[in-house]
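Q: Sequence:
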Amino acid sequence: MYKFIKKLDNGIRIGELETAHGKLPTPFFMPVGTVGSVKSTAPWELEEMGAQILLSNTYHLYLRPGEQLVKELGGLHKFMGWNRPILTDSGGYQVFSLGENKSKVKSPKSKVIKENSHLNLKESLVKISEDGVEFKSFLDGSKHLFTPEKVIDIQLDLGVDILMPLDVCPSGKASAREVKEAVELTIRWAKRAREHFNKRIQNSELRIKPLLHGIVQGGLDPELRKYCAEELIKLDFDGYSVGGLAVDLETRDMWGIVKLMGEILPENKQRYLMGVGTPDNIIIATKLGMDMFDCVLPTRLARHASVFVKRHPEQSEGSHYQLVNLLNSKYRADGGVIDQKCGCRACQEGRGFSKAYISHLLRSNEILGLRLTTLHNLWQYLELMRNLRNSD
RNA sequence: GCUGGGGUAGCAAAGUGGUCAACUGCACCUGACUGUAAAUCAGGCGGCUUAUGCCUUCGUAGGUUCGAGUCCUUCCCCCAGCA
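Residue numbers for the first sequence follow this note's numbering, so the first one is 1 and each next one is one higher.
Don't read these hints as lab results, they were simulated from the structure.
All residues carry an ideal CB built from backbone N, CA and C; glycine is no exception.
One or more hints might be untrue.
[Said to hold, decoys possible] Here are the simulated lysine-lysine pairs, DSBU-like style, with alpha carbons at most 35 Å apart:
| hint | residue 1 | residue 2 |
| --- | --- | --- |
| 1 | K310 | K341 |
| 2 | K310 | K209 |
| 3 | K310 | K234 |
| 4 | K78 | K3 |
| 5 | K180 | K287 |
| 6 | K136 | K191 |
| 7 | K191 | K7 |
| 8 | K259 | K150 |
| 9 | K143 | K191 |
| 10 | K209 | K143 |
| 11 | K173 | K143 |
| 12 | K259 | K341 |
| 13 | K150 | K136 |
| 14 | K23 | K287 |
| 15 | K234 | K209 |
| 16 | K180 | K7 |
| 17 | K136 | K78 |
| 18 | K143 | K39 |
| 19 | K136 | K234 |
| 20 | K143 | K6 |
| 21 | K226 | K3 |
[Stated by the list, open to error] Pair by pair, the computed Cβ-Cβ distance ranges are:
| hint | residue 1 | residue 2 | range |
| --- | --- | --- | --- |
| 22 | K234 | W44 | 21 to 27 Å |
| 23 | E314 | P65 | 33 to 39 Å |
| 24 | A333 | G50 | 28 to 34 Å |
All chains, full assembly: derive it from the sequences and hints.
A: As structure tokens, then:
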């Protein structure tokens with residue numbers, strides 16, 4: 001249950017979201033723990049940094065270890081040792097990303113095709129029908145069917161706090177017709193998900209019930225987005241997600257749609273901009289009325305040796321953050337911490353680690369290297385959200 | 001000293017007459033990454049460069065050949081075994 005508190009002068013909505021695992025001040029960022037783990041971090045580290053909620057993934061947990069096992073072992077929170085709220089994505093994104101033929105990115109110059117590489121799969125792994133999504137497991141190739149109802153069931157079995165319905169997330173290159181079809185199917189699936197969820201929940205003895213979002217699709221077409229949002233609003237979801245925008249960003253400008261969503265989605269429901277994004281993107285999006293964010297960038301970039309460094313306000317004309325690749329040779333002998341003003345474990349005053357040391361760890365494939373960069377990046381994101389909530 | 005094996009680009013290691021500026025791995029350099037099939041992927045990695053282009057390379061110095069990293073000879077060095 002979301003409570004809208006106030007709108008700051010800069011447009012940021014201040015609110016509070018109550019879930020079965022506690023109340024969350026909004027806006028907030030969700031570190032991504034796809035398979036029930038925010039890669040390389042421990043739950044207590046996330047708590048220490050002030051992470052309030054994590055995102056996990058229905059698709060991945062269904063395939064492994066299976067939602068039934070998680071249920072038998074007491075639910076996802078207990079399973080992964082995290083007592084704060086959890087949101088699960090539905091697998092809708094995987095329908096998109098696994099549907100893309102990623103082998104296209106293979107360079108013709110690459111002579112060696114690694115076996116078991118995810119890039120080596122030539123055929124699309126998914127097939128969409130009215131009933132749902134048929135897909136092949138990326139683990140073993142086995143066939144599975146996700147229906148809107150099934151996806152709700154899995155998430156309820158996992159015992160998460162916020163559920164996403166199965167949606168169709170078209171590629172940024174999709175034709176107008178494909179986007180329109182995605183919207184229509186997303187709406188029909190949303191209705192089925194809503195009905196099934198209600199049926200399952202009405203018998204629930206939980207004091208605070210899980211929350212179900214509707215996901216707005218529609219590409220970059222304002223009319224389609226508006227139509228989708230209106231249809232979903234009729235179904236009275238607990239909150240609304242804006243999907244399909246964090247793809248093909250280099251060729252598409254999402255801000256018009258984000259602004260529109262900020263204007264037409266109900267003020268008294270939380271808005272989740274899925275998959276966004278860079279710190280700069282998040283700053284803009286909060287000002288356009290978005291409340292919730294998730295992104296793999298802080299954790300993935302960290303594992304790929306890149307860290308966010310906050311720029312001084314007077315230097316932040318364009319971007320508020322600089323992305324620094326610690327594997328660049330200039331950091332080999334750099335005795336300074338990543339960011340002097342950062343409060344993370346890697347930078348902490350008095351006992352911070354030098355860029356030279358972290359660079360050495362990364363070059364040596366020492367796990368501590370990417371743990372430190374991950375802790376740093378997540379701290380930056382979480383600190384950013386704290387600052388945005390207090391930016392009046 | 002004798003016998004045998006070997007000296008290839010930063011390292012390791014393919015290559016035994018042309019398709020070799022030279023396979024491959026590592027290291028190194030740079031880039032990408034946005035609801036995670038990602039501790040991943042891509043490109044570069046002798047020099048000049050826009051190059052399917054030119055120049056200089058495979059211990060050393062010569063030679064054979066239309067053509068040599070690849071064959072022959074000299075010398076230098078390394079390794080193993082025997083003295």
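Q: Evaluate each hint against the coordinates.
A: Against the structure, the hints come out as follows:
| no. | hint | in the structure |
| --- | --- | --- |
| 1 | K310 <-> K341 | holds, 8 Å |
| 2 | K310 <-> K209 | violated, 39 Å |
| 3 | K310 <-> K234 | violated, 42 Å |
| 4 | K78 <-> K3 | holds, 27 Å |
| 5 | K180 <-> K287 | holds, 28 Å |
| 6 | K136 <-> K191 | holds, 25 Å |
| 7 | K191 <-> K7 | holds, 31 Å |
| 8 | K259 <-> K150 | holds, 33 Å |
| 9 | K143 <-> K191 | holds, 25 Å |
| 10 | K209 <-> K143 | holds, 32 Å |
| 11 | K173 <-> K143 | holds, 27 Å |
| 12 | K259 <-> K341 | holds, 32 Å |
| 13 | K150 <-> K136 | holds, 16 Å |
| 14 | K23 <-> K287 | holds, 22 Å |
| 15 | K234 <-> K209 | holds, 20 Å |
| 16 | K180 <-> K7 | holds, 33 Å |
| 17 | K136 <-> K78 | holds, 29 Å |
| 18 | K143 <-> K39 | holds, 27 Å |
| 19 | K136 <-> K234 | holds, 34 Å |
| 20 | K143 <-> K6 | violated, 48 Å |
| 21 | K226 <-> K3 | holds, 24 Å |
| 22 | K234 <-> W44: 21 to 27 Å | violated, 43 Å |
| 23 | E314 <-> P65: 33 to 39 Å | violated, 50 Å |
| 24 | A333 <-> G50: 28 to 34 Å | holds, 33 Å |
Checked against the numbered hints above, the structure violates hints 2, 3, 20, 22 and 23; every other hint is satisfied.
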